[in-house]
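Chains as they are written, first to last, in the working numbering: chain A, 1 to 392; chain B, 1 to 392.
Since the hints were derived computationally from the structure, they do not count as laboratory data.
Some hints here could point you the wrong way.
As the list claims (entries may be wrong) - Straight-line alpha carbon distances no greater than 25 angstroms define the calculated DMTMM-like cross-link-like pairs of lysine to aspartate or glutamate that follow:
id : chain 1 : residue 1 : chain 2 : residue 2
1  : A       : Lys46     : B       : Asp6
2  : B       : Lys14     : A       : Asp302
3  : B       : Lys46     : B       : Glu72
4  : A       : Lys14     : B       : Glu2
Claimed, not checked - Some chain B residues near chain A, calculated using beta-carbon distances under 10 angstroms:
id : residue
5  : Leu123
6  : Asp151
7  : Val319
8  : Leu343
What the hints assert, rightly or not - Derived Cβ-Cβ restraints for the label pairs, each shown as a range:
id : chain 1 : residue 1 : chain 2 : residue 2 : range
9  : B       : Ala263    : A       : Gln13     : 50 to 58 angstroms
10 : B       : Arg59     : A       : Ala223    : 49 to 57 angstroms
11 : A       : Arg15     : B       : Arg9      : 16 to 24 angstroms
12 : A       : Arg15     : B       : Trp251    : 55 to 63 angstroms
Nothing here was measured: the structure is a model prediction, and the numbers come from that model.
Even for Gly, the Cβ is constructed at its ideal location relative to N, Cα and C.
Protein chains: 2
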Amino acid sequence: MENPWDKLRSYAQKRERLIVGLMSGTSADGVDAVIAQVSGSRRDTKVSLRKFITFGMPRRLRERILMLSHGEGDAQLVSHVNVEIGSLFADAVETVLIEGGISISSIDAIASHGQTIAHSPELAATLQIGEPSILAQRFGVPVVSDFRSADMSAGGQGAPLVPYADWCLLTHPTKTRAIQNIGGIANVTYLPADAPPESVLGFDTGPGNMLIDLAAEYASDGAETFDRDGMLASTGEIHHDLLAWLLNHPWIVQPPPKSAGRAEFGRSLWHELLRIYGDAAIEDLTATVTAFTALSIADAYDRFLPTPPDQIVIGGGGVRNKTLMAILRKQFGEEKVITHENLEDPLDSDAKEAIAFAILANETLLGNPSNLPSVTGARAPVILGKVTPGNY
Amino acid sequence: MENPWDKLRSYAQKRERLIVGLMSGTSADGVDAVIAQVSGSRRDTKVSLRKFITFGMPRRLRERILMLSHGEGDAQLVSHVNVEIGSLFADAVETVLIEGGISISSIDAIASHGQTIAHSPELAATLQIGEPSILAQRFGVPVVSDFRSADMSAGGQGAPLVPYADWCLLTHPTKTRAIQNIGGIANVTYLPADAPPESVLGFDTGPGNMLIDLAAEYASDGAETFDRDGMLASTGEIHHDLLAWLLNHPWIVQPPPKSAGRAEFGRSLWHELLRIYGDAAIEDLTATVTAFTALSIADAYDRFLPTPPDQIVIGGGGVRNKTLMAILRKQFGEEKVITHENLEDPLDSDAKEAIAFAILANETLLGNPSNLPSVTGARAPVILGKVTPGNY
Numbered sequence: 001m002e003n004p005w006d007k008l009r010s011y012a013q014k015r016e017r018l019i020v021g022l023m024s025g026t027s028a029d030g031v032d033a034v035i036a037q038v039s040g041s042r043r044d045t046k047v048s049l050r051k052f053i054t055f056g057m058p059r060r061l062r063e064r065i066l067m068l069s070h071g072e073g074d075a076q077l078v079s080h081v082n083v084e085i086g087s088l089f090a091d092a093v094e095t096v097l098i099e100g101g102i103s104i105s106s107i108d109a110i111a112s113h114g115q116t117i118a119h120s121p122e123l124a125a126t127l128q129i130g131e132p133s134i135l136a137q138r139f140g141v142p143v144v145s146d147f148r149s150a151d152m153s154a155g156g157q158g159a160p161l162v163p164y165a166d167w168c169l170l171t172h173p174t175k176t177r178a179i180q181n182i183g184g185i186a187n188v189t190y191l192p193a194d195a196p197p198e199s200v201l202g203f204d205t206g207p208g209n210m211l212i213d214l215a216a217e218y219a220s221d222g223a224e225t226f227d228r229d230g231m232l233a234s235t236g237e238i239h240h241d242l243l244a245w246l247l248n249h250p251w252i253v254q255p256p257p258k259s260a261g262r263a264e265f266g267r268s269l270w271h272e273l274l275r276i277y278g279d280a281a282i283e284d285l286t287a288t289v290t291a292f293t294a295l296s297i298a299d300a301y302d303r304f305l306p307t308p309p310d311q312i313v314i315g316g317g318g319v320r321n322k323t324l325m326a327i328l329r330k331q332f333g334e335e336k337v338i339t340h341e342n343l344e345d346p347l348d349s350d351a352k353e354a355i356a357f358a359i360l361a362n363e364t365l366l367g368n369p370s371n372l373p374s375v376t377g378a379r380a381p382v383i384l385g386k387v388t389p390g391n392y
Numbered sequence: 001m002e003n004p005w006d007k008l009r010s011y012a013q014k015r016e017r018l019i020v021g022l023m024s025g026t027s028a029d030g031v032d033a034v035i036a037q038v039s040g041s042r043r044d045t046k047v048s049l050r051k052f053i054t055f056g057m058p059r060r061l062r063e064r065i066l067m068l069s070h071g072e073g074d075a076q077l078v079s080h081v082n083v084e085i086g087s088l089f090a091d092a093v094e095t096v097l098i099e100g101g102i103s104i105s106s107i108d109a110i111a112s113h114g115q116t117i118a119h120s121p122e123l124a125a126t127l128q129i130g131e132p133s134i135l136a137q138r139f140g141v142p143v144v145s146d147f148r149s150a151d152m153s154a155g156g157q158g159a160p161l162v163p164y165a166d167w168c169l170l171t172h173p174t175k176t177r178a179i180q181n182i183g184g185i186a187n188v189t190y191l192p193a194d195a196p197p198e199s200v201l202g203f204d205t206g207p208g209n210m211l212i213d214l215a216a217e218y219a220s221d222g223a224e225t226f227d228r229d230g231m232l233a234s235t236g237e238i239h240h241d242l243l244a245w246l247l248n249h250p251w252i253v254q255p256p257p258k259s260a261g262r263a264e265f266g267r268s269l270w271h272e273l274l275r276i277y278g279d280a281a282i283e284d285l286t287a288t289v290t291a292f293t294a295l296s297i298a299d300a301y302d303r304f305l306p307t308p309p310d311q312i313v314i315g316g317g318g319v320r321n322k323t324l325m326a327i328l329r330k331q332f333g334e335e336k337v338i339t340h341e342n343l344e345d346p347l348d349s350d351a352k353e354a355i356a357f358a359i360l361a362n363e364t365l366l367g368n369p370s371n372l373p374s375v376t377g378a379r380a381p382v383i384l385g386k387v388t389p390g391n392y
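Work out the full structure: start from the sequences and follow the hints.
Below you can see the structure in the form of C-alpha cells.
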C-alpha cells in the first residue's frame, strides 16, 4: 500500500477532497459531523456540504465530560474518557457516511476538533480529547486533531480558530464584512474587503442567546429553554435603567483579544439582575436582555472594529430570534444585515464549526498555516494540529 | 520554505538522519535525551549514539507528575503539567544539542515518548503527556509522539515497544538471542536467529533490581538505595525455603502478555517476606532475592520461550550487580551470557529506551509500522505515533 506521507502528495494534487469534520462543543450535548467537499486552499477554498448530522451524546459520557471540565476526575479518567469519546466520534463518522451515502474509500481525511476539557490560555495550556488513533485505525485515513496547541505554543490564545475559515470562504472583494455568530456567546469575524489574512479580527462580542435563554427559562418556570422566535421579548418593553446597567458591564469595554462565557454572562449575572430589577415584568426583562444582546454587538463594532462593516452576516441560533434580528436590522440598517442563508453559496450555519475544522485540516495536510495571529495573538502563522497517519 | 510533508520525502531519501530521542520513565526522576544518528529502516537500521544526557527533573514538577499518576489532580492540572513537561523536554533538547556540539539545523526530527501518567490496557487507554507543539515550535522540526495509542486502538497492550528496536538492531543471522533488560523490573525480547518480525516475543520476566534495592535499603537503614556490585548478596547464603516461596509467586506462572511493577514485586511483597522470613540474616535475604531475580529470568525462558536462546544479552542497571551476573552465568552457561558492551556495535544500555523511540519515530516518518503484534497483542502492524509538523 502507499506510504501515508506519499499519499499527502496525491492529496495536494486532488482537485476535490472529501473531509469529515467533527466538532463537540463545551456543552457536550452532541457531536456535529459533516462531510465537506473541499477544493483549493486559503482564499481559493471552496466548500460544499455533502452531509451534516448531529450525533447524540450518551448521557453517562456527557456527565463524565462535564465532571472533567469542572475539575472532578483524575488523569485515569481523562485517559478513559479520551477513548470513549474517540469511539463515539468513530460512530459519528460511520453514521454520517451511511446517511450521506458516501463510502469511506472516497474520504481523504478526518478533522477532529475533540472535546475541550481544559483551556487556560494564560498558561498556554489546553486539552482536547477523543483519541484520534481510534479514528485512524477504524477508517484508515489520516486524522488531524488538536488544532489549538500549536497556536498556543506560538504565543497565541489558541482561539478563536473559526475566523480563518470565515476568511477563506466569506471574504468579499469589495465589501467589508462582519461575520456575526450568535450562539450561547456571540462572536464576530471582521473581514475587510479583499482582506489579507493579517487584517482579519475576531473576538467575542458578549452574550449571544445565553441571557435570553435564562429569561425564557425563568418565565416558564423551566419549561422552556429558549425564547422561540423572540416571541416573549416581542411582548415586552425595554427597561432603560436595566439596559444601561447591562451595557455598563466591565467586560464590554475590555479590548480584544477577549472571550466570554458563563462566568461573565451566565446564571450569576442573571441572579444579580433579578436581585436588582426583579420587580419588572418578565416580558420587559426578556425584551431588555434581547436588546442588550443586540446592542453589545453594535457597541463592540463601534469600539473595536477599525471601520464599520458594509455587511453583517448573521449565523447561529440567534438568527431564529425575530425580535433580536429586528433590533440588529434597526441598529445597522435593514440592507446591511443578512444571514448565511442569504449568501451566494449558503452553508448551513449550524454545521459551520465542523466545516471550519475540515478547512483547517485541509490547510494542515497541504502544509499551510491556518491560525490568524491578528486574531489569536500568536507570534506567527503556524501549521495547526497533529497528524495521526492512517493505514499504510 | 519547503512544505513539511514534502520534507518527509527528502527525509526518506537521506542516507543518515539525526533524531533526538526523549524518554522519561514512570519514576519521573529525569529525562533521557539522545542524539541518534540513524540510517536505513527495519532490520537494516543502523544507529550510532552521538550524545546522551539525563536531564534533571525539577522536584516540584516531579511531585506534580507523581500526583497525577496516583490519581490526584484534575484535567486542568493534566493540561498544565502537559505544558510544563513540554517545556522541560525542550530544555533537554537544547542541552543535548549544546553538549553534543550539534546544531538544530542538522536535526531531522524529534521522537518524544512523553511522560506516562495513566495506562489501562484493558480499556485501551493510555496517556503520555509533554506537549509536542512546544518542541515543534521551538525547533521547527517534526515531532513524533504518543507511540502507544495506535497499537492500543489496534487491540494491543501498547507495550512493550522497545522489542521492535531490539529486533532492528540486535537480530543475529544465526543465533537466537534473548535481550534481557534488568531495570527495576526485568524484561526480555526474544529474537530467533534471522527473525521475521512476527516471531519476536517480549514480556516482563519478573523483578529486576526492585527487591534487591529494597533489601539493600533495609540492610543500611535507608542509607543505601542499591546493593553496589552485589557486594551484600555476595556475603550471604541462599535461604532455600524463601527462594521456593518466591518462585511460587502466582505472577511467575502467568503466561505472557504480562507486565510487572511495584504492585507485584515492590514494598508490599518485601514486607510480607520480612513477616515470614524476617528472622534470617539480611545478607541471606539479599542473596536470596538476588538469586530469585536471576532464577525468575531463567524460569520465564523455560516456560515461555519456544527454544532456549543461544545468547543472552544483558542490559540495564543489573549488569553492574556482580552476584546477579554470576548466578545468571552459572544458570545459562558462561559463554552464553554477554552484555551490551560486548556487542560488535555497542550502545550505552542506559540510553536504550530513548534510542528505541528515535528508531520508532524513524519508521513512522518513513511510513512503516513499528509495533510487533506478537509482542503487544495487536491485530496488525500499524504505524505508531502522531506527527506534529515543524515550521513550514
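Tested hints:
1. A/Lys46 with B/Asp6: Holds, at roughly 24 angstroms.
2. B/Lys14 with A/Asp302: With Cα atoms ~56 angstroms apart, B/Lys14 and A/Asp302 exceed 25 angstroms; violated.
3. B/Lys46 with B/Glu72: 42 angstroms, violated
4. A/Lys14 with B/Glu2: 19 angstroms, holds
5. Leu123: 6 angstroms, holds
6. Asp151: B/Asp151 check passes; min Cβ-Cβ to chain A is 8 angstroms, inside 10 angstroms.
7. Val319: Constraint on B/Val319 not satisfied, violated at 34 angstroms.
8. Leu343: 31 angstroms, violated
9. B/Ala263 with A/Gln13: 50 to 58 angstroms: 53 angstroms, holds
10. B/Arg59 with A/Ala223: 49 to 57 angstroms: Holds - the Cβ-Cβ distance for B/Arg59 and A/Ala223, about 56 angstroms, lies within 49 to 57 angstroms.
11. A/Arg15 with B/Arg9: 16 to 24 angstroms: 22 angstroms, holds
12. A/Arg15 with B/Trp251: 55 to 63 angstroms: 59 angstroms, holds
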